[in-house]
Amino acid sequence: MRIRLLFIIFLSCIFNLHSQVKDKTTIRGFIDIGSSYDMEKERVNFQFGEQDLFITSDLSDKISFLGESVLKYSPTSPTKFDISLERAIFKYNYYKNHNFFAGKVHTALNYWNDTYHHGRLFFPTVGRPELFNQNIIPLHTTGMGLSGQNLGNWKFGYTIMIGNGLGSTDLADNNAEKCFVFALHFKPIDGLRIGGSGYFDKIDGVVHNHGGGVTQVHNVRQGIYSGSIAYFKKKFEFLAEASSCQNSTDSIGVKTTYAMYVYAGFRIKDMFVPYVRYDNVDYEKGEMYFTNSNTEAFCGGLRYEINYLASVKLEYQYKKTGTTSLAFTNNIFLQIAIGF
Amino acid sequence: MRLFKNIAFILLGGFLLMFFSFTPEEQFNDPQTDGGLAVVVNSKGAPAEMPLSKLKIILKGEQQRWKDGSKITLALMKTSTGVGEDMAKRIFGMTSKELNKYFLSQVFQGKMSSPQFFDSEEDLLKYIKNNDGAIGVTSFKNASGTTITVDGKKAI
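As you go down the protein sequences, you meet chains V and S in turn.
Sequential numbering of the first sequence, starting at 17, is according to our numbering.
Sequential numbering of the second sequence, starting at 1377, is according to our numbering.
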């Protein structure tokens, strides 16, 4: 039913494209380079991160396009670099602050995935939280949906979408079942955003997980529920998110994974932000879909915002992984992130 | 010993980079725009008056359309100009850096279209006149065309 409804809205958008023609295209880019010191191996490494090309285009007063492609190191590529299309979004503003969109998007699950995308310049820390690194959250979805923002006094916002589910490609779904995403948030005061989101999919056996690896041969029904609270003001920054992922199979029943992180930063003299972040990922015993390795991580660092297009982060990271045997990593990172 | 040497190497590199790229902290200067700021609009779309809180919502890109349905287009002076810097402070309550970062992140998230930024007030006024639904901020003394009152005042 919801698929039909979205399809009808899509068709009505197509037949109403007679809006005023405009052509305003902007191309921007983001890049990060850095250095790390592995305290266990006592080794210094220099790193090139991602080069992110970002295009926005207003095609008319109602239609816009957003594209984001990333060039990054890939050990499996003959050239050692890959180009990946991270976002390609057609948007039609059909009424006030309400939009129809179609294409490849960052799944509107969680604040981080919906806000920071690939520009490391915007990241409050050097890297993503473990919640995203461990492939629990499906980072991208190709499909279509509706979104709205800044509605009413509490600046309510929503996203609902359907898309190709897990194990699919950007061209076709691998089964008849579509994934369904919803996200709601509101901003009761300036700087504060509180939100919740959900993701539901039926995953066929022998499919790729969120990170691209083939992991299992059982059919899985997956439900992810996330909550987030973000507060970013002149002096104080706070961001906390928690997700619960339930994987259900016929053979072993429901297994639940919990993942969360808390970030806090305090701005000193406009440019310096010392910060800390704590991550925890806890898999239930018998979990079969994810790489089953409990993780606890801590990082603390200093972000220096040279201007709005350049920042430097110096960060210490400690990570403990493993369920039966534990592995520890200690690293110091230096990252320079710029926009151009 | 080697461990501490390497840690010292990374830390030293980081702090040297920060030190050499240091620029003085951005301060709110005294208003540079004599006579205050004026809000100029295209004849189509915008109301004749609005409270400052509403103006802030519109200039932050949180409202996409006027009541008549025409798209709101933002025309702003660059924050490197005196008018742009005053606008950042008086209307948004932000430094130039904060305002630029705000717009960049909103556009990157796909939440709004990038505002048009101008070096000269003359170009800004011309743009507003020629684009339906456009709204912008200029110095009160140089304002021309249709201006609106904000909190009952012509100059902010």
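For the record, the hints were derived by calculation from the structure and aren't laboratory data.
Careful: at least some of the hints might be erroneous.
[Stated by the list, open to error] For lysine-lysine, the following DSS-like pairs were computed, each having C-alpha atoms within a straight-line distance of at most 25 Å:
hint	chain 1	residue 1	chain 2	residue 2
1	V	K251	S	K1473
2	S	K1517	V	K171
3	S	K1436	V	K251
4	V	K203	S	K1477
5	S	K1502	V	K171
6	S	K1530	V	K250
7	S	K1454	V	K250
8	V	K249	S	K1430
9	V	K285	S	K1477
10	V	K171	S	K1465
11	S	K1465	V	K112
12	S	K1487	V	K285
No experiment lies behind these values; they were computed from the predicted model shown.
Hints, verified against the model:
Proposed proximity of V:K251 and S:K1473 is supported: the alpha carbons are some 14 Å apart, at most 25 Å. Using a Cα cut-off of 25 Å, the hinted pair S:K1517 and V:K171 is violated, with the two alpha carbons roughly 35 Å apart. For the hint pairing S:K1436 with V:K251, the CA-to-CA distance comes to about 20 Å; that is within 25 Å, so the pair holds. Proximity of V:K203 to S:K1477 is assessed by CA-CA distance (about 19 Å); at most 25 Å being required, the pair is judged to hold.
Straight-line distance between C-alpha atoms of S:K1502 and V:K171 comes to about 33 Å, which puts the hinted pair past the 25 Å bound. This hinted pair does not check out: S:K1530 and V:K250 have alpha carbons roughly 29 Å apart, beyond 25 Å. For the proposed pair S:K1454 and V:K250, the alpha carbon gap of about 21 Å is at most 25 Å, so the pair holds. For the hint pairing V:K249 with S:K1430, the CA-to-CA distance comes to about 20 Å; that is within 25 Å, so the pair holds.
Between V:K285 and S:K1477 the CA atoms are separated by roughly 17 Å; this keeps the pair inside 25 Å, and the hint holds. A threshold of 25 Å between alpha carbons decides the hint, and for V:K171 with S:K1465 the separation of about 23 Å falls inside it, so the pair holds. For the proposed pair S:K1465 and V:K112, the alpha carbon gap of about 28 Å is over 25 Å, so the pair is violated. The suggested pairing of S:K1487 with V:K285 is violated, with an alpha-carbon distance near 29 Å, which exceeds 25 Å.
Consistency note: the structure conflicts with the earlier hints numbered 2, 5, 6, 11, 12.
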